[in-house]
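Protein chains in written order, with this note's numbering: chain A, 40 to 223; chain B, 10 to 253.
Check the hints yourself; a few may be wrong.
Using C-beta positions, here's what the derived DEER-type ranges look like [stated by the list, open to error]: (1) E186/A x R32/B: 43 to 51 angstroms; (2) Q65/B x E188/A: 48 to 56 angstroms; (3) S166/B x A195/A: 14 to 22 angstroms.
Sample of chain B residues facing chain A (criterion: CB under 8 angstroms; computed from the structure) [unchecked claim]: (4) Y126; (5) G131; (6) D132; (7) N139; (8) I149; (9) I158; (10) V159; (11) I222; (12) E226; (13) I236; (14) G240; (15) A242; (16) T245; (17) R249.
To list a few chain B residues with every Cβ distance to chain A over 12 angstroms, as calculated [said to hold, decoys possible]: (18) D27; (19) Y40; (20) K81; (21) S86; (22) R94; (23) G97; (24) Y98; (25) I99; (26) T102; (27) H185; (28) P202; (29) G218.
Hints in this document: simulated from the structure, not taken from any laboratory. Every residue gets a Cβ at the ideal spot worked out from N, C-alpha and C, and that includes glycine.
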Amino acid sequence: MKRYLISAGLIFTSIAYLIAQHLGADDGEHVVVAPPTSTSTDTSVGSSPTYSQTASSSTSTGSDTGTGSGSSSSGSQSGGTGTTGSTSAGKYIDGSYTGTAANAFYGYVQVKAVVSGGKLTAVQILEYPNDRSTSRYINSQALPYLEQEAVAAQSASINTVSGASDTSQAFRESLASALTQAKS
Amino acid sequence: MKDSRISMGMPVSIEILDIDAARGIDAAYAYFDEVDRRFSTYRDDSEVAQMNRDPQHAVSADLTEILSLGEKTREESGGFFDMRRPDGYIDPTGIVKGWAIQKAADLLASLGYQNFYIDVGGDVAFSGKNEAGGDWQLGIRSPFVRGEIVKAIAPGSRGVATSGSAARGDHIYNPHDPEHPIRDVVSITVVGPDIVTADRYATAAFAMGQDGIRFIEAIPGCEGYQISAAGIATMTSGFRALSV
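Next up, chain A with everything else stripped away, as it sits in the complex:
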């Protein structure tokens, strides 16, 4: 459990580090990081989901070296699609940036930071591998939607009908009367 907490905490650390690296001298914007499903309660690593750009103290532990198993260090972003952004004084460059995969106790977690209008607008936690394969399987089993309605009487003018024939009783009655006529 403790190992888990530390790992989760380190993820937050790496996220915070990532963010802190790219925050420009903007007006104290806050970004909300969606936490993974199991949140850490270890306050010593600043697991609060809200970070401000000036609260670099929240990243104190381990932020200098950017360590933690597999966490990004020195801003390296293997697998990312965007540039790292230079200094804390610059704005972000629009785009999506995927961080490296951080090895947590329960699996790998990777984050994607979305920048639009020069601001960090969202950070997504990407969960895998088990969750992804499960959702892929579910999607492949998805059936096409077929429209449904409650049957109700229609009064349209029709020429003929199709349907399960009259009830057994009515059919027998009709047949019996026809046969009676046939006899006479």
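Given chain A, put chain B in place with the hints provided.
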């Protein structure tokens, strides 16, 4: 001119709008009488009865065609349509009905008739236009309330067949589970490119229960309207376009 009679053990209606309709109507009913003599499972001297008594006996070209349609439907439906009853008897009734309607429609066309429909026990083949000069309008019977229509469609020159449980008891069963008659679906109506196609697929789909409508959805050129015991209808994606 419209004429309704009991033929092949079922209520049959034939309406012909062209001139000299009476001749066509008589020819069609005479044809159905012959079909009954040859393929009825209730007659000891029918070709079907003879075939079941003596499988080595040569079968006619027509019966060969019927049997091969049945086998094809069995394969396509994963065995949900199967002419072989649990007791081993080969019963091609599920194919004969649509096949005979098509043959009768072909007969009328060969006699020069263009605007007519043939309705055998709720399975209908259409040709041409109705009295108003428009598409024939067909109503789907309510499985719950006698005399009530729950849907009206204009199938053009397509064939329409309905398989359901309101008719004569649970005469359609699931070959994979013959002990349990079909219960959750009370009727499925299939609109196909022709009545043979509509009829054989409707029979197969009904035996599948709720999955029947998906079987129809997967068949190009066929549409379906399936009614559950709870009164909910499920339709294929192209069915709405047929509604009036």
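Looking back at the numbered hints, which does the structure fail to meet, lowest number first? Structure breaks no hint.
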